[in-house]
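S.K.: Now for the letters of each chain:
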Amino acid sequence: MTQQAPPAGDPVVAAPAIALDHAARWYGNVVAVNDVSFSLGAGVTGLLGPNGAGKTTLLHMLAGFLAPSAGTVQILGRSPHRDPSVYRQIGLVPERESVYSFLTGFEYVRFNARLQGMRNAESAARAAIARVGLEDAADRAIGTYSKGMRQRAKVAGALVHDPQVLLLDEPFNGMDPRQRLAMMDLLVEMAGAGRTILFSSHILEEVERIGTEILVLVAGRLAASGDFRAIRALMTDRPHTITIRSSDDRRLATTLMADPAVFAVELTDNAVSVQTAHLSAFRRIIAGAGRTAGVRLTEVVPADESLESVFDYLVRR
Amino acid sequence: MSAGNRLSASSAGGSIYDLGYRHYEGPRRGRGYAVWSLYVESLRGIWGFGRPMSAKAAPFILAGLYAFFAFLQLAFASTLANEISSGQQVQLFTYDSYFTQFGFLLILFCVAQAPEVVCRDQRYQVLPLYFTRAMGRADYALARLASLATALFLALIVPMIALFVGDVLMKPDTIGAIGDELPRALPAIPACLLIAASMASISLALSSYSPRRAYSAIGLIAYFLLMEAVPAIIYAVANHGGVNSADKLVLLAPITSLSGATDWFFGQSLSSDFPTTLGSEAYVLACLVSVAVFTAVLVFRYRRIPA
Amino acid sequence: MTGTLTAFPEIVRLTFRQQLGRRRTLLLLLLAALPPLLALVYRAFGQLDIESFTYNVFDLVSMTIVLPLTTVLFGSGAFGAENDEGTIVYLLAKPISRWVIVSAKAFSAVVLAVLLTVGSVLLVGVIELLPAGADGASATEAYVAAMVVGSFCYSILFLALSLFTRRALVIGIGYSLVWEGALSTLLPGIANLSVRQYALGAGDGFYQLSAHAARLSPATALTLSAILIVVAFALATWRLGRFEMSGSTD
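Protein chains in written order, with this note's numbering: chain A, 1 to 317; chain W, 1001 to 1307; chain Z, 2001 to 2250.
Hint data in this document are derived by calculation from the structure and do not stem from the laboratory. You may find that some hints are simply not true.
A few chain A residues that face chain Z, going by a derived Cβ cut-off under 8 Å, partial list only [said to hold, decoys possible]: (1) R114; (2) Q116; (3) V188.
Just so you know, these numbers come straight off a predicted model, no measurement behind them. Glycine included, C-beta positions come from ideal geometry on N, C-alpha and C.
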């Protein structure tokens, strides 16, 4: 089974940017977050989980809006719930849409900057707005913005003070594909500069694209953490499926069936679907098998290396 | 093989059933039932049924406080009965003065609950769900109005019943006592109906103009308080200054008018606070007019509301 | 903490903008305009008896209606939008002490309430009382003081209340109507817990208000007011520090 190994990532400061130690949160009889431990350093990490898994609760605990019922939650070595001074290093983008709708985008970001105690609030606000691409709309009231624009305004407000840690709850909600790509680039860029970014999402393609590190939360427990490809490799109780296209599928299938590394072969619509328990062994023999069968291989694709299949597996366990 | 299924394909040997959208072809109950359902749901909501416990606090506490004093008298009536010779009565509170003394609690009840009745649908913009069904806009408004009026009537009548029971218990001869007391107590019913209708129509008409509960509540309490104080003050000043026509202004005061109307139902003369120029019938008329006007305002509001 | 100095005026500015929406401001101005209008009515009918005038206009309208409603709106409305719409996270996720946030909100509420209520009383004074001589001037001073003390106490009280319950508005109105109004006439001891009495008591120092109005001496009234303000402020700060998001919609 999977181990709860902390993901790779070199911490920029002495204390890891985000550290949970046996953190739990319950409401009466309902346990929303159950004995979760992990620590994160610089980089982008995606927090995944089905609805009701506890993602928002976890993010609220990280943001200091919920005290853990047990265990500790620390950002840069301090507990945000007790010590508001750590907010200087935290940027928060909450899920709920509402923002002060009577303020203009610029005023809202500047408000955040001023509350953070920045001296050059105006220029920082302009810079943050430019970074999210809201320059054109910055002087209109937020109430007139589309959903995607409001999201971007919130992100601008969260990064105006250049925090060390960014927490985003479903940040891509409401953004169109182009805005999403721009936002992803921004997050990757910030992570590259040493920031620690944690975002939650339902949309696996997004997470796949920018976060190789993931945390999977299922029913309040941490089901897996780390690089999802490495997690996939650890899922040894589930055979890998590889899809192969070739010049003669049937001949290839017959040859492959003879090999001990393969335990199932299926002929599908102009492709051969192979199941193997030992991916590395299979990788070694496939080229030889093609040559033996006298068949030209045009495509060899692992069919379930995607995050989706990993996620699916973890959720169903 | 049930014959009632819809078929998507069929041959002699077997059938494939259509498991798509299921149509309802049974009886539909129509407008009257829809209005009745809204009325019942609304009435339950006012008392907090079908809502969390905290929603029951305000209505029950306020209505309970209003009824409290009548029950107090009832409790004492049982103990006093032994000490009073027949024919003598001890009464702190009477049917006709009860509302005048404690009505402010019901004002609070309206301020607390009327916004709950009409503001939520506006706030969450679910009005189209009502208006595109069998029920019309006026039906919606009237159903809500009827529910608040019913709730108020219940709150009003319970202490009346308690007073009645207390008065009966105070006398040694129960059957005779009922015969005596009933005619004295009966005017309470039409009086309470009028009070309920009047307060409900004012509360809902004013509350329906804002989707935010806070503003509705403030507007409502401001109306009740100011419309009592200001006409009275103007009347007093004008009277002092020798001008008599200002007494018509007192007709505008909702609670005072209801007080006067109650006196008419019970055949009592008006207390000394009232201007001497108008008889109690005038107040009954004023209340009826107020019910009509505010109901019209409420219906008008819902006719015009964008949804 | 870093943000403190710039945060206070920023939050105050924001709260002013929040509280002064068009409709709300209009209605409150109308409310505050009523006592002056009544004073004009008095003017129209000539004679003036200061006792009955101050009772009718100040006690019945300003103290009982204008002051509580204005302060309930501004006081419970200070955190109102943030409570309703969840925007409170933008205030809390900042390196600012909680008491700074509370004081900024309280400051806005009190300032707005004072402006409206004192303005209303001054207008009344100008119209009717000051022309009546020294007595009229003292009466005006008395009620200005009453409005100031009342604004402070009510606003902070209702602000703290709004952080504890969602029904702060109704409870506030109930407090003013039932506790300070009806019950107060029945049980004299309640005067010690009634902001209205604090306000009237404070005004008493300037002018003997209507004989049956003020029940506390100015010193008592001011002391109790100070205690109330401190306690309410402390409770509000404590509550804000314990703030937790209600439920999540995962």
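S.K.: Confirm or reject each hint.
M.R.: Results of checking the hints against the structure:
| no. | hint | result |
| --- | --- | --- |
| 1 | R114 | holds, 5 Å |
| 2 | Q116 | holds, 6 Å |
| 3 | V188 | violated, 24 Å |
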